[in-house]
Amino acid sequence: MTIACVLATSAASRQGRARENNEDAVFSDPETGIHLVSDGVGGLPHGEVASGEIARSCAEIGPEGAFSHRLNVLEAALGRANRAIYETGALGRPPFTMAATVVAVVAEPGRAGVFWVGDSRLYLYHQGRLRQMTTDHVELRGTRRLVTRVVGPDPHLELDFFMLPLEAGDQLLLCTDGVSDVLKPDVLAAMLAQGGADMAGRIVGEVARLGGRDDATAVVISQWEAAP
Numbered sequence: 218m219t220i221a222c223v224l225a226t227s228a229a230s231r232q233g234r235a236r237e238n239n240e241d242a243v244f245s246d247p248e249t250g251i252h253l254v255s256d257g258v259g260g261l262p263h264g265e266v267a268s269g270e271i272a273r274s275c276a277e278i279g280p281e282g283a284f285s286h287r288l289n290v291l292e293a294a295l296g297r298a299n300r301a302i303y304e305t306g307a308l309g310r311p312p313f314t315m316a317a318t319v320v321a322v323v324a325e326p327g328r329a330g331v332f333w334v335g336d337s338r339l340y341l342y343h344q345g346r347l348r349q350m351t352t353d354h355v356e357l358r359g360t361r362r363l364v365t366r367v368v369g370p371d372p373h374l375e376l377d378f379f380m381l382p383l384e385a386g387d388q389l390l391l392c393t394d395g396v397s398d399v400l401k402p403d404v405l406a407a408m409l410a411q412g413g414a415d416m417a418g419r420i421v422g423e424v425a426r427l428g429g430r431d432d433a434t435a436v437v438i439s440q441w442e443a444a445p
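Going by my numbering, the first residue of the sequence shown is number 218, and it counts up by one from there.
A few of these clues could be false.
In silico lysine to any residue, SDA-like type, Cα no more than 25 Å apart, as pairs [what the hints assert, rightly or not]:
{"#": "1", "residue 1": "Lys401", "residue 2": "Gly413"}
{"#": "2", "residue 1": "Lys401", "residue 2": "His373"}
{"#": "3", "residue 1": "Lys401", "residue 2": "Gly259"}
{"#": "4", "residue 1": "Lys401", "residue 2": "Thr226"}
{"#": "5", "residue 1": "Lys401", "residue 2": "Asp353"}
{"#": "6", "residue 1": "Lys401", "residue 2": "Gly386"}
{"#": "7", "residue 1": "Lys401", "residue 2": "Pro370"}
{"#": "8", "residue 1": "Lys401", "residue 2": "Glu375"}
{"#": "9", "residue 1": "Lys401", "residue 2": "Glu356"}
{"#": "10", "residue 1": "Lys401", "residue 2": "Arg346"}
{"#": "11", "residue 1": "Lys401", "residue 2": "Ala225"}
{"#": "12", "residue 1": "Lys401", "residue 2": "Arg430"}
{"#": "13", "residue 1": "Lys401", "residue 2": "Ser230"}
Beta-carbon label-pair distances, calculated as ranges [said to hold, decoys possible]:
{"#": "14", "residue 1": "Ala407", "residue 2": "Arg310", "range": "49 to 59 Å"}
{"#": "15", "residue 1": "Arg346", "residue 2": "Ala225", "range": "13 to 23 Å"}
{"#": "16", "residue 1": "Gly259", "residue 2": "Glu375", "range": "18 to 28 Å"}
{"#": "17", "residue 1": "Gly327", "residue 2": "Pro402", "range": "44 to 54 Å"}
{"#": "18", "residue 1": "Gly422", "residue 2": "Glu248", "range": "22 to 32 Å"}
Hint data in this document are derived by calculation from the structure and do not stem from the laboratory. Computed from a prediction, not measured in an experiment: that's the story for all the values here. Note that beta-carbon positions come from the ideal geometry of N, C-alpha and C, so glycine has one too.
Input sequences plus hints: build the corresponding full structure.
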């Protein structure tokens, strides 16, 4: 027997206490099933421009086409954003580098396709357990975590990708490191277990309550059984 399911989504972003502006970006469109979070790389100029370009490129995608088509279109949109970010910096006077991380999905009942680069993460909450499904593209140097792959500094974008089956009750959490550095997996799991509307807003609000210094952004995608 096949169980009919629906997806519910929420998205939120908040500027960190130590930031002059919010360099994160978020895009969430239930119609196309495309959702993403992006984090402008700290220490480089115009991080909000880089993350914003990623969100804008994906916002241009329409709902037409099958799931596989939307995966291809999303990958192409991320590639266009990378090229635009790279060329903006290369044509600067003097030239400069700007960059952003991204984790982006195409989701529909039963499955999700996940693209990512950098240290923005996707977690899966499944049967009461939370698992980090993406691997951070980082290098440890002493106590510092340096992001090794991002969108923008190179004309060629190297994305990682995987497919993820979804079951009734599963939840996906996309988040920037402003969330994952403050809220540990057990805390995130407890919050997701509560369910309810505006889960992303509650997660970002908890980061702020704990004094989060970095920008914090989250998207939560929940798969529930459809009402009979």
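Verification of the hints:
no., hint, verdict
1, Lys401 - Gly413, "20 Å, holds"
2, Lys401 - His373, "33 Å, violated"
3, Lys401 - Gly259, "22 Å, holds"
4, Lys401 - Thr226, "22 Å, holds"
5, Lys401 - Asp353, "15 Å, holds"
6, Lys401 - Gly386, "21 Å, holds"
7, Lys401 - Pro370, "30 Å, violated"
8, Lys401 - Glu375, "28 Å, violated"
9, Lys401 - Glu356, "20 Å, holds"
10, Lys401 - Arg346, "13 Å, holds"
11, Lys401 - Ala225, "24 Å, holds"
12, Lys401 - Arg430, "16 Å, holds"
13, Lys401 - Ser230, "18 Å, holds"
14, Ala407 - Arg310: 49 to 59 Å, "51 Å, holds"
15, Arg346 - Ala225: 13 to 23 Å, "20 Å, holds"
16, Gly259 - Glu375: 18 to 28 Å, "21 Å, holds"
17, Gly327 - Pro402: 44 to 54 Å, "25 Å, violated"
18, Gly422 - Glu248: 22 to 32 Å, "26 Å, holds"
Violated hints for the displayed structure, listed by number in ascending order: 2, 7, 8, 17.
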